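Engineer: As a plain string of letters, each chain reads:
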Amino acid sequence: MIHSDLYVWMIIAGLSLGSFAIRFSFLGLIGDRQLPKPVERALGYTSVAILPGIAMPMVLSSSTGELEPVRLIAAFLTLLVGAWTRSLLYALLAGIFSYAILMAIL
Amino acid sequence: MLVRNKLFWQGARRGFISSLPFYIVMVPFGTLFGLLATEAGLNVLQVMGFSFAVLAGAAQITAVTLMEENAPTFIILATSLAVNLRMGMYSAALVPLIGKAKLWQRALASYWIFDQSYAVTALEHNKNPNLSLDERLGVFFGVAIPVSSLWYLGTYLGAVVGNQIPAELGLEFAVPVTFLALVAPLLRSIPHLLAAFTSVVFTLLFADFPFSSGLLVAGVMALAVGYFSEVWLEKFESKGGV
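Chains A and B are the protein sequences, given in the same order.
With the working numbering, you'll find the first sequence wraps up at 106, consecutive numbering, no jumps.
With the working numbering, you'll find the second sequence wraps up at 1242, consecutive numbering, no jumps.
If you are wondering where the hints come from, they were derived from the structure by calculation, not from laboratory data.
Everything numeric in this text was worked out from a predicted model, so none of it was measured.
Glycine included, each C-beta is placed from N, C-alpha and C at the ideal position.
Keep in mind that a hint or two might mislead.
Distance windows between CB atoms, simulated [to be verified]: (1) B/LYS1235 <-> A/TRP9: 28 to 38 Å; (2) A/LEU6 <-> B/TRP1232: 48 to 58 Å; (3) B/PHE1236 <-> A/LEU93: 35 to 45 Å; (4) B/ASN1130 <-> A/TYR7: 44 to 54 Å; (5) A/MET10 <-> B/LYS1127: 38 to 48 Å; (6) B/LYS1102 <-> A/TRP84: 13 to 23 Å; (7) B/GLU1172 <-> A/VAL39: 34 to 44 Å; (8) A/ALA100 <-> B/VAL1161: 49 to 59 Å; (9) A/PRO57 <-> B/ALA1078: 15 to 25 Å; (10) B/ILE1145 <-> A/TRP9: 24 to 34 Å; (11) B/LYS1100 <-> A/TYR7: 35 to 45 Å.
Modelling step: build the complete structure from the supplied sequences, incorporating the hints.
Structural biologist: What follows is the structure in structure tokens.
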């Protein structure tokens, strides 16, 4: 169904205001006030607490709906190479190339 | 003045270089949104309005998908914003990193908070804890501005020439790989490994939570696991453990 122009812009405005409020919440309002030490230390784990949770369900599902072992192997190599070299670039290259190579041979 | 600050530009170069790997996926991912939004009946101006005003891929895709299904307005807003709640965690996690910046700088940074801009800034801080505030701001904007520009470009291409781009380029797998590549360099300590493991296991277990809140609940659990295992390890080591 085609929505009216006004309706679409209202959705955009609502999402934009809501998203900014979420993003500004802590950084904007707390600013340079000190967070409690335990909270600050816990927040140091934010990347590893969120990004694997987004990525792994995408690794485990595929367009065919079946589990693809190639994806699991490529994901594992991404993590291994990244942890070993501490390089984001090498991790990404390991993931992409191992996936491409395995898909080509298998 | 930030733009004349040498340290800021050093940081920006660092952020720019570190985020180059994401350039592979931003345009195709943006194209996907442009295509879906056009199919949902949005015109080019509205598609671009979405990308400039909201700047959050997953939330934008959620919103236009629900709009096409004629979901009630409240559901569209609540579900898409729930997808974006993790940005609140990034906002909090950025406080120790760039919280001392001026208010207008923090407000500007807030607009540009997304997975890559937060994660690269945190990763650079983790590798090099002695970066100054200006350098960290440089890293953040050095990632955020070019990467978001590619997102705008991608959505524009999707809206204008979307139908002529083959949907399946094998690039869909590149999205989770970029996220894994972002965390992999951090997986060198037991607390980080445990937190990552908690995140994966509980996100999968909580897959059916409403408004995709499972990711967030699992995320908070993972933060706690990271923190408490760090504290426990410290105690263990101070008692003369391994």
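Engineer: Hint by hint, say whether it matches the structure.
Structural biologist: Quick rundown of the hints versus the structure:
1. B/LYS1235 <-> A/TRP9: 28 to 38 Å: Taking Cβ atoms as reference, B/LYS1235 and A/TRP9 lie about 56 Å apart, which means the hint is violated.
2. A/LEU6 <-> B/TRP1232: 48 to 58 Å: 56 Å Cβ-Cβ, so the 48 to 58 Å window holds.
3. B/PHE1236 <-> A/LEU93: 35 to 45 Å: holds, 37 Å
4. B/ASN1130 <-> A/TYR7: 44 to 54 Å: holds, 51 Å
5. A/MET10 <-> B/LYS1127: 38 to 48 Å: holds, 44 Å
6. B/LYS1102 <-> A/TRP84: 13 to 23 Å: Between B/LYS1102 and A/TRP84, where Cβ atoms are some 39 Å apart, the hint is violated.
7. B/GLU1172 <-> A/VAL39: 34 to 44 Å: holds, 36 Å
8. A/ALA100 <-> B/VAL1161: 49 to 59 Å: Taking Cβ atoms as reference, A/ALA100 and B/VAL1161 lie about 26 Å apart, which means the hint is violated.
9. A/PRO57 <-> B/ALA1078: 15 to 25 Å: holds, 21 Å
10. B/ILE1145 <-> A/TRP9: 24 to 34 Å: Because 25 Å falls inside the window, the suggested range holds.
11. B/LYS1100 <-> A/TYR7: 35 to 45 Å: Since B/LYS1100 and A/TYR7 have Cβ atoms about 42 Å apart, the given range 35 to 45 Å holds.
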